[in-house]
Each structure stands twice: as C-alpha cells, then as structure tokens.
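Using the sequences plus the hints, can you model the full thing?
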Amino acid sequence: MATHDETATAALSADEQALLDRFMHDNRLFYGPDPEIMRDHHIAPRSAEEVKVLGEALDPHRMHLVRGRVQSALDESFTMVEQMGAAPGAKWGDLITCVFTASGDLSQIASTGIVVFGAVCHYPIRFIRKYWMDDPSVGVREGDGFIHNDSRYGNIHNTDQSLIMPLYWEGRLLCWIASTIHEGENGAIEPGGMPAVAESRYDEGLKMCPFKIVENFRIRRDILNFLQNSVRDPKLQSEDMKVKLHAVLRLRERIRAVLEEFGPDYLVATLRKNLEDTEAEVRRRIAELPDGTVRLNTFIDGTLREHFLHKMAIAIHVKGDKMTFDLRGSGPELTNRSINSTVASLKTCLLTSLYQYVWPDLPHNMAMMSPIDVVTDRNSLHDCSNDVPTSMSLIPLFRSFTLLSAPMSKLAYSLPHRYTAMSANHYNQPATFVYGGLTQHNEVTGNFCADINGNGGGARENADGEHALSPVFGFMADTGEMEIAEEELPYVRLVAQELARDRMGFGKYRGGMGYEQMTTVKESSFWGFMTGQCGAKHPSAYGLFGGYASPAYPLAKIKGINIFEVLKDDPDLFKFSMVELMNEQAIPGGKYIVHDAGMAFEPCAEGEVYMICQGAGGGYGDVLQRDPALVLKDVEENLLSPALARDIFKVQFDAEALIVDAQATRAARDAERAARKRRGRPYLDFVAEWVTREPPADLPYFGCWDDPQLIYASPPGGTRVRMQAGRLQGVWMSNPKDRRIAELEAELASCRGAATTP
Amino acid sequence: MKVAITEYLEIDLERELWQCRECGHDLGPARGNYKEGLLVYDRDPREIHRPLLDPAKYAYTFSPDPRWCALLEYYCPGCGTMVETEYTVPGHPPVRDFELDIDALKAQWAARGEPDGQPQVPQPRARAHHHPHHGGKRR
Chain C
1 MATHDETATA ALSADEQALL DRFMHDNRLF YGPDPEIMRD HHIAPRSAEE VKVLGEALDP
61 HRMHLVRGRV QSALDESFTM VEQMGAAPGA KWGDLITCVF TASGDLSQIA STGIVVFGAV
121 CHYPIRFIRK YWMDDPSVGV REGDGFIHND SRYGNIHNTD QSLIMPLYWE GRLLCWIAST
181 IHEGENGAIE PGGMPAVAES RYDEGLKMCP FKIVENFRIR RDILNFLQNS VRDPKLQSED
241 MKVKLHAVLR LRERIRAVLE EFGPDYLVAT LRKNLEDTEA EVRRRIAELP DGTVRLNTFI
301 DGTLREHFLH KMAIAIHVKG DKMTFDLRGS GPELTNRSIN STVASLKTCL LTSLYQYVWP
361 DLPHNMAMMS PIDVVTDRNS LHDCSNDVPT SMSLIPLFRS FTLLSAPMSK LAYSLPHRYT
421 AMSANHYNQP ATFVYGGLTQ HNEVTGNFCA DINGNGGGAR ENADGEHALS PVFGFMADTG
481 EMEIAEEELP YVRLVAQELA RDRMGFGKYR GGMGYEQMTT VKESSFWGFM TGQCGAKHPS
541 AYGLFGGYAS PAYPLAKIKG INIFEVLKDD PDLFKFSMVE LMNEQAIPGG KYIVHDAGMA
601 FEPCAEGEVY MICQGAGGGY GDVLQRDPAL VLKDVEENLL SPALARDIFK VQFDAEALIV
661 DAQATRAARD AERAARKRRG RPYLDFVAEW VTREPPADLP YFGCWDDPQL IYASPPGGTR
721 VRMQAGRLQG VWMSNPKDRR IAELEAELAS CRGAATTP
Chain W
759 MKVAITEYLE IDLERELWQC RECGHDLGPA RGNYKEGLLV YDRDPREIHR PLLDPAKYAY
819 TFSPDPRWCA LLEYYCPGCG TMVETEYTVP GHPPVRDFEL DIDALKAQWA ARGEPDGQPQ
879 VPQPRARAHH HPHHGGKRR
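Chains as they are written, first to last, in this note's numbering: chain C, 1 to 758; chain W, 759 to 897.
The hints are simulated quantities; they were obtained by calculation from the structure and are not laboratory data. Possibly wrong hints are sitting among the right ones.
To be verified - Example chain W residues on the side facing chain C (calculated, C-beta under 10 Å, incomplete):
| no. | residue |
| --- | --- |
| 1 | R773 |
| 2 | D800 |
| 3 | P803 |
Yeah, the Cβ is synthetic: ideal placement off N, Cα and C, and Gly gets one too.
Below you can see the structure in the form of structure tokens.
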C-alpha cells in the first residue's frame, strides 16, 4: 500500500503540479522573510540585458566617466542627507546613499558612506522584485518609493530606515537608488530604537517589511501619519523621510543626466562591471594567500540583561581562490533576549570587516563577499530564526566587524606586499548613551549619542592605533558636536571626550584610546538613559601578535545628588575624572554605583551623574619592544601613568625630567625576558594540566568547548544543556530580577532559619 | 627559504620548521602546532589590566574578571619574546590558530622567489591644505 506522500506525488501530473504551484503562489497567506533571498549574499547572475551590453564593444574610458559621474552624484546626495537630516546618525555620517543594479546588487555607494547599510538593502530590493513587482495591488512604477526597517527582511537593526526607488528610462527598469539613515527612535519598548529589554519581536517597535510609501514622487501622507503615530518622535520620522526622498530624487536627476549623455547601455554595463571586476580581484587576492586554515576564538560576556559567556569563533579556510568563513560552534539563539542576529546581517558585517581592515583599497560594493562562502549553525546567536528579538543585534555584529582582522592578518602577513597594515582589533562595542524623555523644548524624543562613533583604532604593525578614531563599522562617521546636541536635548556633558588614562591595549604599538563621557540632565521633567556596551568581565577588542587587549569597561553613576548644586556651592568636590570621582566619593549624599555597561533604560534625575568610557583598540606586538621614547610620550601626554610605564613596558626613567635611562631599561627588559622563560611552561605540559573537559560548571557558558559538534547552553539560574551543532534550539532565559528575588528569598530564609535555631 | 608568517614567527620551508624571527629558535614542525614549541604562562589578567576603580568598593574596576577571562602569554623559549597572547576562558583548549598547507606554501614561494625583506605598508595620502588661510598663501 502506498503511503500518503507517495499517493499525493504519484497523483499529480505536470499540469496539476503547475496548477498547484500557481494556486499556492496566488494564495500566500503572508510574505515573510524569504530564505531564498535572505540566505544568498552572492551577486546575481548576469541578466539578459547585462549579457547584451557587456557583449558590446563599450569604451572603457567612457565607462570610467560614467562611474565617476555616478560617484559624484552619490557624494552629493550623501551630503544632502548629512546636512539636512534630523537624526543624530544622519548629522554625523551614520548613513548611506547607494546605487544597485536592476537585479538588486549593491554596485556603488557614497565615498564616505556606511557600506553595511547599502549591502543589507539588496535583500529588500530582491523582495520587492519578487513579491511586489507583479502584484496587481502593489506593482512597481516610475515615481514609486519603498521603505523598510525590519532586519529580518535585510537590515542591521530596526533603527535604520531606508528609502528605495526604482529608476526607469524609457520604460525600462535600469537600476535602484536608495538612502538609509540610522534613525534611532522607532516606537520600541525602550526609547531610541535599540531596546535591550525586548523579550520578543513584538517589543521592538516598528517592523516595516518593504512597502510602498512614495507614489508619483510624493510621500503617502496617510501612511506617514501611521508611522508617526507609531513612534515617540513624529517630527523626526517625517523630516528624515523627506530628507531621504529628496536626496534620492537628486541622485535620480543626476543619473538621468548620465543616461542622457551616455545612454542606458553604459550605465547598465558600468554598474555590472563594478561588481564583476571586484569579484575577480577578490578571487585573485584569495589565491595569493597561503592555503590552509586560521582560527580565532572570541567571547561575548553579556546579553545586556545579565552576564553570560558566549563563544563566537571563526575558522577561515583557504584553498586556491576559494575562501570559507566558518562560524560554526557558536551558542544557540536566545528566545527572549535581544542580542540575536540574522545571518543576512552577519554577512554584510563580515563584508564591512574586509573593507575596513583587510582590503580597504577595493571598491565598496557587495561583490567583495560574493566569492566567499559563509558557514553557520542555524538557530545560533548570529544565524537566528525569525521568531526571536534582534533589536540589540549589535552585540554579535559589532564583534563580527573585527572578527576578520586578526585571522586575515595571520593569512596575509607572509605576502610580499601590503594592501593595508596588519592591525589589532578596533574597539568593537556600541559604547554610547541611548536616551529618551521630554526635552527642554517640551518635545518627546528618543535616540542615541554620536559618541558611538569614537571607537579607538587597533594598533598596527607600523604605528600606534588612532585615538577615538571612528565607529568600528565605518571609517568616516564623526562623534558629533556636543553643543549642537545640547541645544536640542536636556543632557549636559560634564566631561564630553577626555581620553581615558591607562585604558589602552598595550603592545609594541599601543591601541588608540577611548574617552570618558560624563553626563547629566537639566531642565527636563522626565529623562533617562540606557547603554549597550558589553565587555565588563572579558575584554572585547583583542591584541595581535603578542599585543594585549582593551581593558574591561564598566559603567559608573552617582545617584541621589544634584551636581549643579555641588558645582555652585563647592565646585572643588567635582573632579573631571570618573576614577577620582568614584574612588574618592567626595560628594556627600551620593549613592556611588558601578556595574557592567549594559544598562536597561532608567530615569535620571536632574544633576545625577552617569559615566561610561569609550573603548580602546587592541595592542600590537610585544610590550618589551615598544620604543621607550613612545612610552614616555604617552606619560607626558597623561595617557599612561608612570607606574604602568615601568611595570608593563619596563621603561626606566627620571620621573621629573621624563628622560629614559636606556641602560637601565635594557637591563629591566632583559630581566623580564629571563623571568618569562622561568615562569613559562612547555605548552604540552601546560595543556595537560590546565585544560578542562568541559566549561567550568559555575559559568553560564554558551557554545562549543573542544568539539565543535557539541554545543553547551548554560542559562544563568538554569540547567546546562548539550545540543548537536546542526540541531540548535533557542534557549529561554529567566528574568534577572526573578533570579535576584530568589537569591534574596533564599538569604532571608537562611537568616530566619539561623534566627530560630537555638 | 624562510617565510615570515607573523611578527615573530617564520617557516623555514626547506627544513619545514616553525622558527622564532627574533632569535631563530626552532619551534617545531611546520605541519604541526607552533605553540608546542613555546612556553605558556597563565597570567592573571588583573596584573596587566590593573584595577582603576577601587576593588574594595566595586566589583567592576576596568580589570577583566579572572573567572571569566584567562590570559595566556606565549613566550619563545630561546629569547623570551612574547609571540602571542590569547584571551580565553579558564580551562578552554588553546586555539590552534595556524594549520597551513606546507606543500602549497612551498609551491607558492617557489614561484615567487626569495622574500625581499619586509613589505612596505601603504601610507594614506597626505592631503594638501585645500583652503587658503586669511592673508596666507594657498599651498
């Protein structure tokens, strides 16, 4: 007897199957994220039109002119968004304008734009092409514009909003143009658009799958009104949508001028050649690397709700012109924590990692990743399902921006030439204040501070890292003008950006440093802050080739005071240093608190002080090889304390004159090298004694240990479970407050028991 | 022929050996794990990343937590150079960071010829000042 399945299969003729397929196509209940689109990061095959135009004898010089004209148009429209945008992200460069081929491949971006914003946008364009283009109720026409923000359809996180427009010429769809801004506020459970406390996707605020918002070049007011009604800052929502639309329209105007001058074939051919030439060059560069495998383990130490220890590892395999990024062995997704990421987002961050730290000289388009395969475990933290929250996906994604720099340096060091310097990790945490509340202008708002853009640069093989250089995801975004922010918002920077002494990645070359930020609130009836920085127990930015990592960064605050009254009555009590303020505790009546720098939104009363520290890049090389003159320069500039100059770098000097004693320094360094040889143990002896069979029982460890096929998940307060790598399931985490209540209840019961024991 | 693989490691292709670039000490077979030729020290990370906030007052001090973070320092047994650092979890097997195809490497370098010193790192182009100062000359 045939089974049900066999009967069903056997019963369908080709016509019937076609009918069934058609019925299923026409009667889809819901167009969710399409795995066929979302799991594919490769450039599309040449379209028939691309085959035709690339087969013609086009003049490469004219193509170069077209490329230049498109680039100028992108840079002009980028400047428009930056000059007019309302979001802090827009003002300080956290945005993009870009051009895609008709198939939806990202071909060119504005010179100083954020490549990842463009790269993620190819997913929604493919969605629009697949689902809306032929849908009679939607369609795609000249003058239409689409918006999206949901990372499940292609985005980094839901704070970023796009404006995507098709560009037609004589009835032919020639390309797509778009702009994206990190907008911030999106109506989520916490203000500012990046809610760490989101426990489900329904806590994340607006979830815009790609839909039409512009018709006949005008924003649909009814839909705009709906979006404004869904967020805390309706003014921002409206203003930046108009800004993006008009920048995209300017871009359209410029590209149409190119079409009039050069004709459509040149544009189509140029956009495609951008991709194919980049892909070919990447294959050539892979082929020149040594064959083999390099590996790196990294560890994320928090969910922003509690500490956990999540392994995020990478193995890079090279053979000939093939390269694979293997990120298997990571821990499972968290069903009620916000730090999950889709694999589509992850891949665009790996693309950025290549552009930022490996091959910065290549054109910025999505073809860089096209020849590279990415392998992950489904339902892992960085390849999550569509059912879990992703609003703080920045935690694994910021890590992924730096994931390639060390292993790719290990692959590329042997090459007879350099495309850029080998470098230790750029600091890789979103270290800034996210805020929300009522401004001094009586407006409700929520967003983040541009200080996120001041991550310290990693040390390089030939130079120190640059201080407070740029965000880990882009090289040109700025940290913003504090005075402009203070005009609009009720927070006051007591210390805006003071380089944080001794907080550096030590090495032969040291990492660039971060800065302290000390903030408070004035003239608001309700204001509050949240932060999303991990790495308070386990450093996040590692060194390279013997260099040390960044320090571990906490958050400090003084509650229950009004610093403005202190400054008025006894200003000497205030110190422009987080360390002095917290260690001396000189301001009376204050409650001095230090915790990890992942803080859920909490109210800040006028004059209470919140302090965080932007992070440092990792160090490069052995500290004993650092030029003593550079060590003393750091001492002189108050970046390094004399004690650490002596203890870490073993430099001997006159403390007052700051003159190196070269002979004593040589002796101290020789003595340290000898001490290393005495205290170091042979590797195999060390491993035999030190390595354990499993993760420590008291650590909330997630990920594989020695066997990548066996994944541990140890939720705090829960039971450790073991899973097979290919069969991960999401892990539910208990509420940290419930765990704390349980601890206190146990303590209370114990005290009561002790009290009643005779 | 010797090919530099990191700041402190090279591979002698003829002898198929990892070596220290600082002192030439042999560190073991190039097809194996170079770490086996090094010395390891389990450094308390608080000795390097010193507490800046008072540990008597606060649980978080800018130092890593040694329960959550181990810092392995790898030294050359010949000269004591710190070849690598590895931030990991206490008890976690150290990563085998290199597994190179030595035959392919030999073929690659046979085609390239002897390495010609340390390659030049491209420097960002210095931009000329593009706006005139008041009363000054345009450079």
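inquiry  = Flag every earlier hint the structure violates by its number, smallest first.
reply    = Of the numbered hints given earlier, the structure breaks just one, which is hint 1.
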